[in-house]
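Protein chains in written order, with this note's numbering: chain A, 479 to 581; chain B, 719 to 884; chain C, 29 to 419.
Hints should not be assumed to be uniformly reliable.
[Unchecked claim] Footprint (simulated), chain B over chain C, 3 or more residues, beta carbon under 8 Å:
{"no.": "1", "stretch": "145 to 158"}
{"no.": "2", "stretch": "164 to 177"}
{"no.": "3", "stretch": "184 to 198"}
[To be verified] To be clear about the criterion: a stretch of chain B counts as covered by chain A if any three or more of its residues have a C-beta under 8 Å from a C-beta of chain A, and this derived list gives those stretches:
{"no.": "4", "stretch": "772 to 786"}
{"no.": "5", "stretch": "862 to 871"}
None of these hints come from the bench; they were simulated from the model.
Note that the Cβ used here is the ideal one computed from N, Cα and C, for glycine as well.
Listed below are the residues making up each chain.
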Amino acid sequence: MTPLAGFLLVAALLFSIGLAGALTRRNAILVLIGIELMLNAANLNLIAFWRYGPHPEMLTGMMFAIFSIAVAAAEAAVGLGLVISIHRHANTTDLDQMNRMKG
Amino acid sequence: MSFVFYLLAALTVAGGLAAVLLKNTVHCALALTVAFAGLAFLYLNLDAQFAGFAQILVYIGAVAILVVFAILLTKGSETPKDGVFSKTWLAGLAVAAGVFAVLGWAVLQTAPMLPKATPAPAVTVGQIGNALVDRYVLPLEIVAVLLTVALIGAVIVALHEKEGTR
Amino acid sequence: MIDRLDQIFVLLRQWVVGFLPASWQTAAAVVLSVVVIVAFFPALFALTVWMERKGLGRIQNRLGPNRVGPFGLLQPIADGIKSLTKEDIVPLSADAAVHLLAPLMLVVAVFMGFAVLPMGRNMVLVDMDAGLLFYFAMGASTEVAVFMAGWSSRNKYSLLGAMRAVAQMISYEVVLLLSSVVVVMMTGSLSLTKIVEAQNHYTWGLPHWYIFTPWGLAGFVMYAIAATAETNRSPFDLPEGESELVAGYHTEYSGFKFALFFLGEYLAMFSISGLGATLFLGGWSAPFSFLSWVPSWIWFFSKLMLSIFVFIWMRGTLPRLRQDQLMNFAWKFILPLCLLNVFVAALWRFMGEGWPRWVVCSAILVVAYVVVGRIEMRSEHFGPRRYRYAE
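The shape of chain A in the complex, shown without the other chains:
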């Protein structure tokens, strides 16, 4: 198994762990943690393909990953602001109890 295949498998595993966390946990913040894990797994994929791909001197993969890190940080900030605002309104972050549109 080539090194690239190893990195891709690790990224796939991390992605599915993040997906499982985002789909099965009750707390809204843990869903966001799962989303961050998924974004990081995608970044690992990008960097692995950049390293073992045909033209690493074009820096495409590295640039993509750096922008992805920046955008993920912004998205985490907004998402957590939303969670805090929801908690202030409903006094809970339990997603199983937020199953109505009426607030």
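Here the structure of chain A is known, so what remains is to put chains B and C in place on it, guided by the hints.
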């Protein structure tokens, strides 16, 4: 593949598993920090030094702290009485297992066709800087606007309302 | 001969490593340098503890420790023995694993910062291309360790202290980064050795240190303020002030773990002073060209100890800032001036050599400082003091 890769991969996957399985939310956030650190070392293993240090600086230094602050501000450290997994946990687990099966099968099928080990590219920070203002100037400006918008938006969303329905 | 004295540590290392077989030599050289750093800086920490207690004592019109050894010089040894032999109390409801890991993570992250500091000519442990970025990445890791310490103690005061410390460190981290960006911009490299080499030139005997330029002076002042806040030193030591919060995030730590926190704080002070000396004060280069015969590492450590002395002086003299005053100061006052500093540095580069650029850049910075200061202070009423008495 090298022993270092196996060690780092094990550390990262263990951190990820702990981040979604533990009961105490703050422990989950700290396990997430371990996963981020493992990923940063994997980037260093892939000769992407700038991405590795940026990962530590942004994710461990900012996103992890943000997650922890949000947990503390929303009383997340109290465990709910019905358990930490939602009622539909089996469906979620099945979907995630399915996704991993498809991705893993795709990787292993095409494994013989993937490029073999290539010599490490010598990337200097100067090249990255030049690329940022030469080829990637439009994404750079868009990300700048996006970060400003996200900053202002997050502050407004989480702002205390002095009047209004509360 | 002068050259040999300058390079004495490098030559010593080569001589010691020469006894080993050739395939082990690079690894052994690195291990030897690491051992020397890990042994030397805690020794400097002991000296600094003594200096601080005597210095603070003299500023406060008292003597400081003078019983243990001549002038109290053996006091740090007594302190060390005390903290090693004290009972290690962990609260019953504390989170034992996180409680143990927090000081370890702090000390590891702080020690990693020393790897990129150029302590003399050719005396850097790892000459990284992105050295400054690595240093700030390690600095960011200390925030997580501080939070872990405060949260795992299950103590309201610890948690409050940790939250305040983390909020302060994040705000001033932005200021620290922006004031270093100016130096990186003018040098064109993130590598600390290149930054020092760019400052190692002399005009009419005076050095080209960045502090002697308008944008460099402004940057250095902002860096110094941010460095004081990053290491939780007075006047920014609300998270650990004894009269405010018991001891902040290290309330529940005793014995060796507390000694590790103490060590971590002082080592962070050393490494941030070292970085400030590298970025703005010319690192290991001599102040005047006729003094270049003095070894480079003496200059580096003199600048470091001078910064430590200024830290101690500030601790003894200035009153503590309140948390909201501190955050206001960072976000509303220093940050706009930092951004303006980046603009002024760009203007400096594009105006070309000559005296007009000195006048224009200094004028812009001074006017901005006065204007932003006036805007920030407009709600403060400085008049005769009004006394209110209980009825």
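Hint by hint, here is what the structure shows:
no.: 1; hint: 145 to 158; verdict: holds (count 3)
no.: 2; hint: 164 to 177; verdict: holds (count 10)
no.: 3; hint: 184 to 198; verdict: holds (count 4)
no.: 4; hint: 772 to 786; verdict: holds (count 8)
no.: 5; hint: 862 to 871; verdict: holds (count 5)
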